[in-house]
Every structure is written in C-alpha cells, then in structure tokens.
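Trainee: Using the sequences plus the hints, can you model the full thing?
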Amino acid sequence: MKTLNKIAVVISLPILILAGCTKDFEEINTDPNRPIDVPTYAFMTSAQKQLCDNIFDEWWGGRQSMLWAQYWAQNNYTDEDRYNIRQNVNNGYWRAIYTILVDLNEIIELNQDPEKKDLLSAYGANENQIASARILRAWAFQHLTDLYGDIPYFEALKAKSDRVFLPPYDKQSDIYPAIIQELTEAAAQIDLSKSGWVQGDVIYNGDMAKWKKFANSLKLRMALRMKKADPTNAQRYIDEAIAGGVFTSNDDVADFKYLPSAPNTAPMYRAYYIDNRTDFALTAQFVDLLKGIPVGGAQKPNPFAGLEDPRLPIFAAPVKDSTMLGPGYQGMPYGMPDEITKAIGAQGSSWPGDLILAADFATILMDYAEVEFILSEINNWDQTHYENGVKASLDYWGVDAATRDAFLAALPPASEETVLTQKYIALYTQGYEGWSEYRRTGYPKTLVHPGEVTWIDLSGNPVQFEALTGNDIPRRLTYPQEEQTVNVINYKAAVAQFGEDVFSTRMWWDKP
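Going by the working numbering, the residue at position 350 of the sequence shown is 1309; the numbering climbs one at a time, nothing skipped.
In short, the hints are calculated from the structure, not lab data.
The structure displayed is predicted, hence computed values, not measured ones.
Among the clues, some could well be false.
Okay, derived cross-link-like pairs now, DSBU-like style, lysine-lysine, Cα gap no bigger than 30 Å in a straight line [stated by the list, open to error]:
id: 1; residue 1: K1259; residue 2: K1470
id: 2; residue 1: K1076; residue 2: K1119
id: 3; residue 1: K1153; residue 2: K1130
id: 4; residue 1: K1130; residue 2: K1075
id: 5; residue 1: K1076; residue 2: K1186
id: 6; residue 1: K1117; residue 2: K1404
id: 7; residue 1: K1076; residue 2: K1404
id: 8; residue 1: K1451; residue 2: K1130
id: 9; residue 1: K1117; residue 2: K1076
id: 10; residue 1: K1075; residue 2: K1169
id: 11; residue 1: K1470; residue 2: K1119
id: 12; residue 1: K1404; residue 2: K1259
id: 13; residue 1: K1130; residue 2: K1076
id: 14; residue 1: K1169; residue 2: K1153
id: 15; residue 1: K1076; residue 2: K1169
id: 16; residue 1: K1119; residue 2: K1404
id: 17; residue 1: K1186; residue 2: K1130
Label-pair distances were calculated between CB atoms; the ranges are [claimed, not checked]:
id: 18; residue 1: D1280; residue 2: E1114; range: 49 to 59 Å
id: 19; residue 1: I1448; residue 2: K1216; range: 14 to 24 Å
id: 20; residue 1: Q1258; residue 2: D1121; range: 35 to 45 Å
id: 21; residue 1: N1339; residue 2: G1304; range: 27 to 37 Å
Where is the CB? At the ideal position from N, CA and C, for every residue including glycine.
Mentor: Shown next, in the form of structure tokens:
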C-alpha cells in the first residue's frame, strides 16, 4: 500500500483513443523509459485505488454523483446542484474510468500470455487473477453505461491489440447481457482450490470466495435494474445469481479502505482537511428524511415520520453557525441560488460526518445491505429481508446494538416505499447508485424537483428549486465534450440511434 501512488503514475496510461490519438498511442508504446514488465498485482492495486479515488472524490463524487442523488448540496457553486455540470469533470471522469479498464485488461492479457503466465502465477493462480479483473471490469462498465446509456464496449479496449482507436458505441440493451455473461463466466472461472492474490488486492485480500459472491451480487443488481426492459431474461439472471451465491453478511462488502496517513488517505479527507474545501453539505431533504420530519420546504410526507435515524450523527456533523437554519443537524436546501447559500454560509449547514471525512474511509463498490433490499423487492416486499437490509446498514456504519434494535422495532412494515426509501438511505456515499435507483423506481418521493419549493426563508417566503438545465431530475449524463470532438463520427451515430444527447433522454432500462 505504501507505493500506491507511485504505481498509479507508472501504469495508468490512457491508451484509448478516447483520450488521445494514434500518434500519441505509438509514442506511449515505444517510450524507452516506461516499465514493460509491471507485476499484475500492481495493476490490480492501481485499478482499485484509481476507481475509488474517482467515484467518491470532490469532483465526480461531490459535484455530480452525490448532488444528483440529493444526498449533498453545494455551499458554493450551486449551479452544479441545478444541473449546470462542469465539462472538465465529465471529460476527466470518462477518461479515468476507461484508463482503469485498460489496466484491468492488462491483467487479463498478461495472465493469458503463454510466455508470462507461469511467472505471474506467483502473485496468485492465473485464472483467479483473470476472474477478479473481469469482475472489476464488469463493475466499471456497468457503472459507465448506467451513467451515459450507450457507450463504447465491445471494441473499447482494443487500441493495443487490434488498433481500434475510435471505438463505436454499443446499445445498452446489448451491453447489459454481455456484462452479465462476463460476470457469469468470471464467477465460474474462479478456482477456490487455488490461491487468490497474494498481494495487491485491497478490496478482498485475495479471498476468491468473496470475489465470487461479488460477481453474483453485481449480477443480481443488474438483473433487477433491467427487469422492466427484459423481464424474462432478468428473472433468469436473478435466479442464477442467487443460486450462485450472493453476499450474506457485511464481511462480504466490496469496499476499498484507505490508510490514515499520506499519500494513501481518502479523497474526501484530502478535499476537506488538506485542500480546505468546504463545498458540500448534506441536503435538507436528506437530513429531514433522517430526522423523521416533513421533508424540505415543500413539507413532503416522510415515510418514517416520528422516527429519527441513528445514522444521522454518523452521516452528518452538527452546524457550526446556527444563525440561518438553526442548531444541531441542518441540511442545505437543495437547488438554491448562490446568494442564498452564501448567506447561510459553509458553517451554517451540516457537513458530512467525521467518519465520512476520515482519512481511512472505505469507499463502497457494493454492500450486503443492497442485496437484502433487492431480495425484499423480488419477494414481494418481504419483511425479513427488509429488516436484514436496514440492520446490515446500521451495523456497517457502527450503530450500537441496543440503538439498532430499538430502531428496527419501530420501523413501519415493509412496503414498496419503505423498502426502497431505506435502500436509498443505505446507499449514502454511493451517489451514482442512489441516483440510478431513483431513476429505476421513482423513490424516494422526498426528493425536490425543479419548480418545487425547496426552502421557506426566515421571512416566510418560499424559495423554489430552479434548474439551469432541463426541467426535471436528469435521467442520464450527457457525453463528454472530448468524445463529441475526438470520436465525432461514432458519437453522432450513437446519438442518432437513441435520440437527443440531453439529460432527459431515458436509457434502455429506465422505463416509466
């Protein structure tokens, strides 16, 4: 772990044309100063770290993912709350994920190379290295297609092998089954009688049984997400995933734990305590939901009315200046103009809690609570799985047993609204998943929409959420500007295929 940053600099090279050109690629390939034989464990460590560095940081994580799910709001730059995205963030995120995919592909190719695989087996059985890289690659591709819809998939990683520098876009309806097939094959490829990674696997420390559960759990997530679009195959995939073995406890959670000292501290810690950023606060909508009170300026009904969530003091910190919003835990109303948020001030609303901003925070890729909520949903809102999901989340975040049990006893019964709203709460810090679940289900009903009242000011005047782009919560992310100029022919073909490249265009699985 002490060499994580050095590894990332050496091997994370964007060899896709998505971020460069043919001439650049050839220069990279012939650079005499570039190490040729990087050990595969270094690629795995780097891919895991770079992935988690990007999904929960102050840029993509803070300025898009956590905002669009309405877990957080901006104290500054509130145009980002109102869907005026930073194109440099969008460009950089697309580039970063595809670069990580190249590293994962390198693990697979090296372990298949007849001249190298015997030597590389010292880091773990070849098939187990390949399988874990395929699973993490599947996660990253699923993440990308859920953000954008149609993306380069089948030809995306062939710049080096087949000199495909301008990959075409593939339909999400083709990508989803292909990723699920990849997960199925990767899970079957794992050989539990042989060694996993002997080093470099921060997520699971070489435990291949957990990698197998991760593959099946991710397959379960994807199968449920596509159920409205392709119910027959979705049900088959659900049955296969459960039969293959999904997460059964918090010991199975796929997360990447950072270290308490530089250079391997968590991105949000670095943002708040090293770079002194104070840009983000929890939203009033999320804090009110956790408090068990009517939500936001519109006073929307709370499905957990009168029940304060014990995760509130973990997820949030008390305000430091109670002048505008009051004392204790107070969220920033989502979607307000800069002049109002500046009047409230960065100290006037609840920052993320100490655990969320800890140097050794663990970034989650998928957790056990999500699996239990899925099992509740597919079993007609089953009460036991619902309670298991809430319990798993409370335990993961460190709520003591007595408080946990009292909260569980007071929960309203399982229903579509209670299960999906608790799932949304449990997905906190996984903003991209909270947003995807809202798009799939329409829950929680407590989110504020453009045109609705988000706050009542101190004079009793309503303040509306006025979006700068579009007139509703986005259904997808628009393609990066770099793609529109570099891969222009394939970009235009993709847009012609699915409709307009705008926030309101629904993707394949996103059915009304």
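Trainee: What hint numbers does the structure not satisfy?
Mentor: 3, 4, 5, 6, 7, 11, 13, 16, 19, 20, 21
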